[in-house]
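Number of protein chains: 2
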Amino acid sequence: MAKVNDNYLKLPGSYLFSTIGKKVSAFQAANPDKAVIRLGIGDVTQPLAPAIIDALHSAVDEMGNAETFRGYAPDLGYEFLRNAIVENDYKARGCTIEADEIFVSDGAKCDSSNIQEIFSLDNKIAVCDPVYPVYVDSNVMAGRTGTYDTKSETWSDVIYMPCLEENGFAPELPKETPDLIYLCFPNNPTGATITKSQLQEWVDYANKTGAVIIYDAAYEAYISESDVPHSIYECEGARTCAIELKSFSKNAGFTGVRLGYTVIPKELKCGQTALHGLWARRHGTKYNGAPYIVQRAGEAVYSEAGKAQLKKQVAYYMNNAKIIKEGLKDAGFTVSGGVNAPYIWLKTPDKMTSWDFFDYLLEKANVVGTPGSGFGPSGEGYFRLTAFGTYENTLAAIERIKAL
Amino acid sequence: MAKVNDNYLKLPGSYLFSTIGKKVSAFQAANPDKAVIRLGIGDVTQPLAPAIIDALHSAVDEMGNAETFRGYAPDLGYEFLRNAIVENDYKARGCTIEADEIFVSDGAKCDSSNIQEIFSLDNKIAVCDPVYPVYVDSNVMAGRTGTYDTKSETWSDVIYMPCLEENGFAPELPKETPDLIYLCFPNNPTGATITKSQLQEWVDYANKTGAVIIYDAAYEAYISESDVPHSIYECEGARTCAIELKSFSKNAGFTGVRLGYTVIPKELKCGQTALHGLWARRHGTKYNGAPYIVQRAGEAVYSEAGKAQLKKQVAYYMNNAKIIKEGLKDAGFTVSGGVNAPYIWLKTPDKMTSWDFFDYLLEKANVVGTPGSGFGPSGEGYFRLTAFGTYENTLAAIERIKAL
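As you go down the protein sequences, you meet chains A and B in turn. Counting from 0, one number per residue, gives the positions in the first sequence under numbering that gives the first Met the number 0. Counting from 0, one number per residue, gives the positions in the second sequence under numbering that gives the first Met the number 0.
The hints are simulated quantities; they were obtained by calculation from the structure and are not laboratory data. Among these hints, one or two may not hold up.
It does not matter which identical chain is used: a pair holds within one copy or between any two.
To be verified - Pairs of lysine-lysine residues, derived as DSSO-like cross-links and limited to a Cα-Cα distance of at most 27 angstroms, are as follows:
#1 265 <-> 2
#2 2 <-> 310
#3 265 <-> 401
#4 321 <-> 207
#5 268 <-> 2
#6 401 <-> 346
#7 21 <-> 265
#8 2 <-> 33
#9 174 <-> 21
#10 22 <-> 265
#11 9 <-> 363
#12 311 <-> 350
#13 22 <-> 311
#14 265 <-> 195
#15 306 <-> 265
#16 328 <-> 123
#17 150 <-> 33
#18 285 <-> 123
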């Protein structure tokens with residue numbers, strides 16, 4: 000008789016963004032006349048850049064001709080894309096990463112949830128608190144997190160690293176030594192960053208303790224300050240302790256196109272075992288590559304035209320970030336983030352809970368944000384707004400919030 | 000200190016098709032003048048049908064306009080695609096499947112390797128022997144298969160169901176009761192099928208024992224005989240015991256486009272737990288949808304023009320299957336498959352091992368096939384050829400084999 004994976008049953012509630020989606024749908028059904036502005040889920044709104052559209056059309060044409068048709072992609076992804084990644088994301092920044100250390104995928108969400116699979120169930124994970132829920136939930140599903148305490152909303156076997164106002168929303172080295180450390184900078188949800196020397200401390204710590212850092216650099220394109228690292232491989236020694244995850248969702252608007260990649264340096268070992276080989280085996284056995292046309296679109300992200308167009312797109316969203324941050328400050332809110340990241344992290348007024356503020360904002364201003372507590376207990380009393388709306392909607396949303 | 004998932008280290012050798020790829024590359028490097036014909040990996044060669052190309056171009060244009068741009072897809076996939084699937088793949092065949100029981104994905108390889116995740120590690124799997132390696136390997140990686148015996152090339156905790164000449168390459172109900180049963184008809188690699196009444200026996204058996212059938216119907220489009228079921232839901236009672244996996248790779252040439260779907264009926268429960276909810280949670284947490292443009296391409300598969308064009312494409316490959324089967328028969332080989340499936344399963348001559356025959360065919364005829372033993376111990380002494388080459392290459396390959 001078949002039995003289910005009981006770990007799934009331990010998961011409290013549904014995935015954060017599904018819950019928000021349902022709440023918003025219910026509100027809209029009850030208030031069909033209200034124009035809701037969504038600054039909640041980090042979904043982009045600007046169309047794909049012309050250079051990417053051209054690359055997609057051209058790849059589609061190739062797929063329609065017998066001479067240029069492509070079937071299964073190479074296991075790691077097409078070389079044209081991996082070479083472009085190496086040149087632009089690594090060599091240009093002085094990082095040594097080879098093309099066969101890049102694993103092209105359909106996005107950082109899949110990679111960040113699947114990567115735990117190559118590690119033992121005995122490993123203990125450390126996460127920032129608040130944190131992108133996928134890191135924790137994927138470990139819950141695997142059975143690595145112990146039991147859930149509904150009161151503290153924490154898992155018994157997870158090391159939480161609080162990111163609070165007093166530490167600039169940057170995690171401190173944990174007291175208990177973890178085996179796997181999830182770090183995401185620029186951070187989702189707080190929009191905070193750490194400097195290169197701060198990240199170097201994490202790399203040194205991981206090398207000393209034998210921990211592996213899973214570094215999510217999905218928001219790297221939004222960095223505007225010079226001492227903030229774009230890649231963990233800018234730090235010395237990262238090749239022996241760090242896996243890096245990258246996404247095309249935010250720098251190129253690929254949330255509906257689906258493309259990302261994972262970097263595993265060949266020197267990265269646990270005991271005698273190179274993680275590169277394990278991930279290669281997973282990729283070869285359980286995945287079948289990103290679509291050819293999408294990989295060509297990814298290549299266009301690195302073309303001269305693509306780079307120029309996407310620089311403007313990122314600037315468009317960062318202008319929204321500025322509008323939100325300045326507007327909320329003017330309205331008396333305590334805000335952070337929004338300088339090197341498309342997320343603004345605000346303190347709820349009058350000590351409201353995050354979900355109370357969510358309901359308040361939805362009902363009174365018809366604006367959707369994300370409750371900070373949905374990202375972990377230290378997110379309680381905070382709220383995330385994203386800069387990924389349109390300029391017009393962002394302006395309108397802030398006007399509405401100011402008018403409350 | 001981080002530790003790896005030891006189950007990965009138990010996997011013998013590399014993924015079958017990676018090994019073949021390496022052998023062929025080495026042969027070509029040593030013999031640059033030889034024109035190798037590949038009838039090994041089941042990759043298609045015909046370009047995408049015009050209706051699909053049109054749908055892709057049109058969806059790409061939508062992604063380039065702010066008004067029609069699409070970000071994250073709905074968790075289960077777009078309704079336009081799920082509705083088309085329900086109408087064409089189920090309602091038209093008298094099967095009751097609702098659109099919200101369809102989970103759109105990037106292909107059946109991912110789904111067939113991920114589906115085991117929602118089940119307990121205590122479950123015992125049963126597989127056909129020979130079998131598509133992904134079913135077994137994904138369970139090895141999860142730690143569900145016990146220890147590997149290098150002599151018998153079997154796992155201690157897997158129930159093997161031999162598919163041999165004497166039983167028409169159809170599995171018999173196993174003596175030991177499994178929890179999860181993987182079935183694939185039309186079969187990869189043997190090309191064999193079972194009738195609707197034979198499949199009904201499996202459904203009845205699963206309902207009686209509480210087992211769950213994972214039914215891989217990836218090759219359904221190649222069925223030519225009327226008593227062979229296209230879906231397991233044609234059988235009475237399948238909604239309480241079966242998950243069905245479908246692929247667009249072979250019926251529409253999407254190996255490089257990536258699209259598939261999984262069906263989990265809401266009545267399908269293990270104890271009190273509906274599997275639909277578990278897979279929905281996995282889909283929402285660890286996956287982010289197939290690209291919008293690819294889902295539109297999938298919709299075009301079901302358009303009138305798409306259906307007509309793809310009928311021709313399937314007929315093209317099945318003509319190849321006939322050429323291979325008849326040609327090999329003429330040459331004195333014992334062959335099966337190729338009538339309801341794009342695979343021809345042949346007995347190696349002179350009791351050669353499968354890998355010896357692979358090397359022989361590669362060296363003497365410069366034709367690549369797949370060794371039957373790569374699919375399991377009962378595949379030893381057999382060899383798979385696929386009908387997915389071009390007509391010209393298929394003809395040439397058979398002429399070469401005949402001339403040996």
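Hint by hint, here is what the structure shows:
| no. | hint | verdict |
| --- | --- | --- |
| 1 | 265 <-> 2 | between (38 angstroms within a copy, 16 angstroms between copies) |
| 2 | 2 <-> 310 | neither (51 angstroms within a copy, 40 angstroms between copies) |
| 3 | 265 <-> 401 | neither (52 angstroms within a copy, 46 angstroms between copies) |
| 4 | 321 <-> 207 | neither (40 angstroms within a copy, 63 angstroms between copies) |
| 5 | 268 <-> 2 | between (35 angstroms within a copy, 9 angstroms between copies) |
| 6 | 401 <-> 346 | within (15 angstroms within a copy, 77 angstroms between copies) |
| 7 | 21 <-> 265 | between (44 angstroms within a copy, 20 angstroms between copies) |
| 8 | 2 <-> 33 | neither (46 angstroms within a copy, 53 angstroms between copies) |
| 9 | 174 <-> 21 | neither (39 angstroms within a copy, 47 angstroms between copies) |
| 10 | 22 <-> 265 | between (45 angstroms within a copy, 24 angstroms between copies) |
| 11 | 9 <-> 363 | neither (35 angstroms within a copy, 58 angstroms between copies) |
| 12 | 311 <-> 350 | neither (38 angstroms within a copy, 66 angstroms between copies) |
| 13 | 22 <-> 311 | neither (33 angstroms within a copy, 47 angstroms between copies) |
| 14 | 265 <-> 195 | within (23 angstroms within a copy, 50 angstroms between copies) |
| 15 | 306 <-> 265 | neither (29 angstroms within a copy, 47 angstroms between copies) |
| 16 | 328 <-> 123 | neither (39 angstroms within a copy, 59 angstroms between copies) |
| 17 | 150 <-> 33 | neither (36 angstroms within a copy, 70 angstroms between copies) |
| 18 | 285 <-> 123 | both (24 angstroms within a copy, 20 angstroms between copies) |
Violated hints for the displayed structure, listed by number in ascending order: 2, 3, 4, 8, 9, 11, 12, 13, 15, 16, 17.
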